[in-house]
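There are 4 protein chains.
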Amino acid sequence: MSDATTPVAALKDGIRRFAAERDWDPYHNPKNLTMALASEVGELCEVFRWLTPAESAASSADPKLREAIADELADVANIVFLLSEHTGIDLSEAISAKMAKNRIKYPAPAKPAGGE
Amino acid sequence: MSDATTPVAALKDGIRRFAAERDWDPYHNPKNLTMALASEVGELCEVFRWLTPAESAASSADPKLREAIADELADVANIVFLLSEHTGIDLSEAISAKMAKNRIKYPAPAKPAGGE
Amino acid sequence: MSDATTPVAALKDGIRRFAAERDWDPYHNPKNLTMALASEVGELCEVFRWLTPAESAASSADPKLREAIADELADVANIVFLLSEHTGIDLSEAISAKMAKNRIKYPAPAKPAGGE
Amino acid sequence: MSDATTPVAALKDGIRRFAAERDWDPYHNPKNLTMALASEVGELCEVFRWLTPAESAASSADPKLREAIADELADVANIVFLLSEHTGIDLSEAISAKMAKNRIKYPAPAKPAGGE
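Protein sequences appear in the order of chains S, D, Y and R.
To convert, note that position 23 of the first sequence is 45 in my numbering; the numbers rise steadily by one, no gaps.
To convert, note that position 66 of the second sequence is 88 in my numbering; the numbers rise steadily by one, no gaps.
To convert, note that position 59 of the third sequence is 81 in my numbering; the numbers rise steadily by one, no gaps.
To convert, note that position 81 of the fourth sequence is 103 in my numbering; the numbers rise steadily by one, no gaps.
In case anyone wonders, no lab produced these hints; they're calculated from the structure.
It should be emphasised that the depicted structure is a prediction, and the values quoted were computed from it without experimental measurement.
Careful, some of the hints might be misleading.
Label-pair distances were calculated between CB atoms; the ranges are [stated by the list, open to error]: (1) R/Ala76 with S/Tyr49: 41 to 49 Å; (2) D/Thr27 with S/Pro131: 30 to 38 Å; (3) D/Ala132 with R/Ala76: 51 to 59 Å; (4) R/Arg125 with S/Ala42: 25 to 33 Å; (5) Y/Lys133 with S/Arg44: 46 to 54 Å; (6) S/Tyr49 with D/Ala132: 34 to 42 Å; (7) Y/Lys127 with S/Ala122: 48 to 56 Å; (8) S/Ala42 with D/Glu77: 18 to 26 Å; (9) S/Ser118 with D/Tyr49: 18 to 26 Å.
C-beta: ideal position from N, C-alpha, C; glycine also.
Chain S with its partners taken away, still in its complex shape (with noise of 0.2 Å):
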């Protein structure tokens, strides 16, 4: 399993099945949801807060920060997933429909002939 080649309809259908097996789905909506996200966002502030801007780019090296980033991050991508299953928001969509927005909000800096 890899980002390369898992549709995020994977990851979404595996953490709703996760959450229906445990009967937790009364206490997913938005708003909770939402506040769920905020405390699990809280988590990975809480290891990033003191190190400096080099030392979390570097923080990933390390295998016992990595695994925590990685718990952290997982769950704040669950709690993502869920609050598109329960608002119904194609991620993909919304992602691209935002991306057009910010293209024009954000116009990219032209580059010299011959760049990218």
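Given chain S, work out where chains D, Y and R should sit, using these hints.
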């Protein structure tokens, strides 16, 4: 483009390229990205803070609210993808590892025979 | 010691001294403190995420929940005080200035004669 | 009005009255307020996310940045005060209790004789 067929890596590539075209990479260390994530999650909290859980569940049926939620969810997801890129942590792998831990921490209740 | 008689500055002095005794000042720049604040607020979100609004309103009547909430609220308040110290922004002044703006942004509804 | 002479209770009274005049009390249960707090902290994260720690330390010397930080800090503090009001948790007491726990959890290092 939809979650059913889009590999996670395609979304990661999209936002990585968007950032590179704007020369944003020097700002995108894990510490800064995590702070940006807290900022975007704060915007999602803003949408839901005064709604009841029931109102939040109905919110994506309202076209204006739906667009606001979709925009913020896209922002959040994109930063999760950038964190994955800049830490080298594969999300599908991290989620798979974390869910294996969670299956032990939160065992699914036994279902009556013939159930599910 | 109670809010009725404690000046804000006394709480600021208390946490500033606590940090200085532990040589934590080098870590307490506004960026790091804001990240620590997001982390502590995440812990408060963890307490309330699955409760209904009504359950949250009743939560401080439960001794165990009350202690958890008090502990997290104290952590959040202390970081707000450290941010005030490290930015040199007086909270009472900042609040007074912000509320003047908010009185214009959100005018109070007129009350019927004889009211308030 | 300054932190040196303003009792915490005066700030709590001020924001409580501001909310009451606007009939906001029905929205101000601890769950909703905590979500509002995450939203305001997100705005403070927005200010600092791309700054280095050193830039963040210098930020309050810039008049425009200082006003932005002061405004967000005021918003955060006001929600902390509303949480104190709506849970009936006295901040000065909660901080005193939490710091007693933290003195045990994080003992201050011994200082050489003649020091501090």
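So, going through the hints one by one against the coordinates:
no.	hint	verdict
1	R/Ala76 with S/Tyr49: 41 to 49 Å	43 Å, holds
2	D/Thr27 with S/Pro131: 30 to 38 Å	32 Å, holds
3	D/Ala132 with R/Ala76: 51 to 59 Å	56 Å, holds
4	R/Arg125 with S/Ala42: 25 to 33 Å	46 Å, violated
5	Y/Lys133 with S/Arg44: 46 to 54 Å	50 Å, holds
6	S/Tyr49 with D/Ala132: 34 to 42 Å	21 Å, violated
7	Y/Lys127 with S/Ala122: 48 to 56 Å	32 Å, violated
8	S/Ala42 with D/Glu77: 18 to 26 Å	23 Å, holds
9	S/Ser118 with D/Tyr49: 18 to 26 Å	23 Å, holds
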